[in-house]
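Novice: Just so we're aligned: 350 in this note's numbering is position 350 of the sequence shown, and the numbers increase by one with no gaps anywhere.
One or more hints might be untrue.
As the list claims (entries may be wrong) - Distance windows between CB atoms, simulated:
(1) P110 x R299: 45 to 55 Å
(2) S245 x R482: 43 to 53 Å
(3) R518 x E602: 54 to 64 Å
These are computed hints drawn from the structure, not numbers from a lab.
All C-beta atoms in this analysis are idealised placements derived from N, C-alpha and C, irrespective of residue type, glycine included.
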Amino acid sequence: MNTVTCFLTMALVTCVHAAQDVRIEIDPGRTVGPVNPLIFGNNQLGYDLAHGGHPENRMYAMNGGGLYLPDQHRLNPAMVRLAKEMGITIDRWPGGCGTHLHDWKRTIGPIGERRDWPFGLDEFMAWCDATGVTAVVTISYFVGAPQDAADMVEYLNASADGANPGGGVDWAAKRAANGHREPYGVRHFEFGNETWHGNHQDISSVAAADYARRYDRYHRAIKAVDPKAQLGILTMNSSATDQLSWTDQVLRTITTRPDFAIEHTYHPNYRANTGKPGADVMFTALLAAPDQVEAYYDRLHQTLTRILGYDLPLAITEYNASFIQAEPVPYRHSLGAALWNGEMLRIFSSPRHRILMANYWQFANSFWGQVKSEGGNAGTGRQFLRPNYFPYKLYHDYFQTHLIEGRIARCPIFSTEGFSGIEPARGKGSSVAGPIGPNLLEAVAWGFSEAPTVTHEVKDGVLHVTFPELTDMNYYHGKVTRIPVKPNTYYVAACEIRCKGLVDEGGKGLGLAIGDSRGYTVTKSQTVGPGAMGTTDWTPVEVVYHTLRDTEAVDILARRLGGTRYGTIQGEAWLRGLTFREYTPRFFPAPATVSVNASRSEDGGTLGIMLINRHLKQSADCVMTVLGSQVSGVSAQALTGPAIDAINEKDATTVGLKPIAVTANGHEIKLSLPPMSMAGLRVAVQR
Numbered sequence: 001m002n003t004v005t006c007f008l009t010m011a012l013v014t015c016v017h018a019a020q021d022v023r024i025e026i027d028p029g030r031t032v033g034p035v036n037p038l039i040f041g042n043n044q045l046g047y048d049l050a051h052g053g054h055p056e057n058r059m060y061a062m063n064g065g066g067l068y069l070p071d072q073h074r075l076n077p078a079m080v081r082l083a084k085e086m087g088i089t090i091d092r093w094p095g096g097c098g099t100h101l102h103d104w105k106r107t108i109g110p111i112g113e114r115r116d117w118p119f120g121l122d123e124f125m126a127w128c129d130a131t132g133v134t135a136v137v138t139i140s141y142f143v144g145a146p147q148d149a150a151d152m153v154e155y156l157n158a159s160a161d162g163a164n165p166g167g168g169v170d171w172a173a174k175r176a177a178n179g180h181r182e183p184y185g186v187r188h189f190e191f192g193n194e195t196w197h198g199n200h201q202d203i204s205s206v207a208a209a210d211y212a213r214r215y216d217r218y219h220r221a222i223k224a225v226d227p228k229a230q231l232g233i234l235t236m237n238s239s240a241t242d243q244l245s246w247t248d249q250v251l252r253t254i255t256t257r258p259d260f261a262i263e264h265t266y267h268p269n270y271r272a273n274t275g276k277p278g279a280d281v282m283f284t285a286l287l288a289a290p291d292q293v294e295a296y297y298d299r300l301h302q303t304l305t306r307i308l309g310y311d312l313p314l315a316i317t318e319y320n321a322s323f324i325q326a327e328p329v330p331y332r333h334s335l336g337a338a339l340w341n342g343e344m345l346r347i348f349s350s351p352r353h354r355i356l357m358a359n360y361w362q363f364a365n366s367f368w369g370q371v372k373s374e375g376g377n378a379g380t381g382r383q384f385l386r387p388n389y390f391p392y393k394l395y396h397d398y399f400q401t402h403l404i405e406g407r408i409a410r411c412p413i414f415s416t417e418g419f420s421g422i423e424p425a426r427g428k429g430s431s432v433a434g435p436i437g438p439n440l441l442e443a444v445a446w447g448f449s450e451a452p453t454v455t456h457e458v459k460d461g462v463l464h465v466t467f468p469e470l471t472d473m474n475y476y477h478g479k480v481t482r483i484p485v486k487p488n489t490y491y492v493a494a495c496e497i498r499c500k501g502l503v504d505e506g507g508k509g510l511g512l513a514i515g516d517s518r519g520y521t522v523t524k525s526q527t528v529g530p531g532a533m534g535t536t537d538w539t540p541v542e543v544v545y546h547t548l549r550d551t552e553a554v555d556i557l558a559r560r561l562g563g564t565r566y567g568t569i570q571g572e573a574w575l576r577g578l579t580f581r582e583y584t585p586r587f588f589p590a591p592a593t594v595s596v597n598a599s600r601s602e603d604g605g606t607l608g609i610m611l612i613n614r615h616l617k618q619s620a621d622c623v624m625t626v627l628g629s630q631v632s633g634v635s636a637q638a639l640t641g642p643a644i645d646a647i648n649e650k651d652a653t654t655v656g657l658k659p660i661a662v663t664a665n666g667h668e669i670k671l672s673l674p675p676m677s678m679a680g681l682r683v684a685v686q687r
């Protein structure tokens, strides 16, 4: 078959929508390793009412986001059924930033004594029992002391035989009195959730060294009660711009040995309600990003080994397609987001990454839920499945117990120039990055807007910024404006910064940022680079920015991220030698349009194969060769929809699973994958 394909930057757009010619080899005789069942995890919500006082938090404490029917004192049977049908294996609780102010002791005991918290710890464990999953519990960094965490572990895991391993209150006896005599046997705990950004209340940030020292105290207290309990340690999210600096300091400070490292993977960081640069552009970039996620996991393992002297398994306890917006559609609930999460499951299954568990954010209702209830967070009425439900359903129904080798032997590739934190992917890739061409600033003309309590002036070309008193402010008031640029192009701004007594509670300091001249409110487009602080000599800093497709001019800002999230700043800083150049980023190799993940049953008689067609326009005519085996039967389903940004919010049947035609003859399997689709195949083989 002759196929003419032309790839335009950041989008899969074809000159002729002829089908792609794809050849795949499956080798059942080459076992990669067992499939870790804990990669099919999820998040359930049980927020404290104190967390911001938001009305939704009451629904989490009352209903678990729809899991629990408090008026009937029972779990929601519809939610139990849907959780089992999608194959959840481990559930995380109480969920995300709701952990910050979570006091577990308020969630146990007679319902009449905790009327605002019917969905507590025991109810969550009942959910785990009803759905057949194990649990990972997140411990608050901000509420309680090490002994309180040890008390919870004793409550969950100690035998109700009077042993009372923690001394003081016999928490196992309390558990028995609350209706569950046998230990729950919870093995996995996390210490904190994204703790570096504070508790969204009175604490604006947490320094890495403070977190590490507190982790050590909690680690010792928990192990004293239950040596088998495992406590995970935070690393900063991979989507953060300076993620490894905080992580490095944590790892250099701890004195105990963590059981696993925690990572949250969110891409892209998109918050605009404009729909620009278009769904095709955004999702082409996102679907090219799996290689970049794998590269980051490799880097994180290298960091762990370099600093600790040993490696740790990774717990990806939150991940999703990070579209935090609503218009023109909530992209987080789209077919494209579902395909991205299908790719994440492929990554998690690889032994290369040492994934202990992976927990999708999150199952029911709220902002991200895979299941939407007619009655909202109460969970009442009919339940509707969003597209993100179906990749997990496919894996549950089709994937087997042992990973085997699957290889793309022939397939077209596609390119992207990157988008919102996703790096370019084209050709064979290149690790070389750096500025190119001349300095585009003929003269540096700093301008200023009014900034209460801050002084700024320019003398001999040097910008001097002073924060004379402790102030919790978002500083962006010194800037060079309206610099002409080309659209869809990378640029780098660089300068040197000297500091004197610059104390930043948030640990960011003063640095540079580049943003679209139309303003962040309009475009949601600005990149903030790492800063300098303390008392330092001249230190180089830089920031790289990717212009939007309709950007005509940018501003360079002296920038300090502030507000209640980052805390106070005080001191002085000087900036000199500002330059602005075009920039060539590193870029990853162009990926194949089709990905494959293959597995076999324990006895080898059944294969489970997952395919994703990442092309947005063309179907993929796939010929699969099963090496060393005869195919005796095959069936398949595909997740697909009418557009990459299709959602089920108005019509629950828009995106879903559909049977697809597949044939087998001898060693070969043939099928046509629809554009932008994910397929699960069950193959019966005889060797």
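Novice: Could you run down the list of hints and mark each one as holding or not?
Specialist: Here's how the hints hold up against the structure:
no., hint, result
1, P110 x R299: 45 to 55 Å, "holds, 50 Å"
2, S245 x R482: 43 to 53 Å, "violated, 32 Å"
3, R518 x E602: 54 to 64 Å, "holds, 58 Å"
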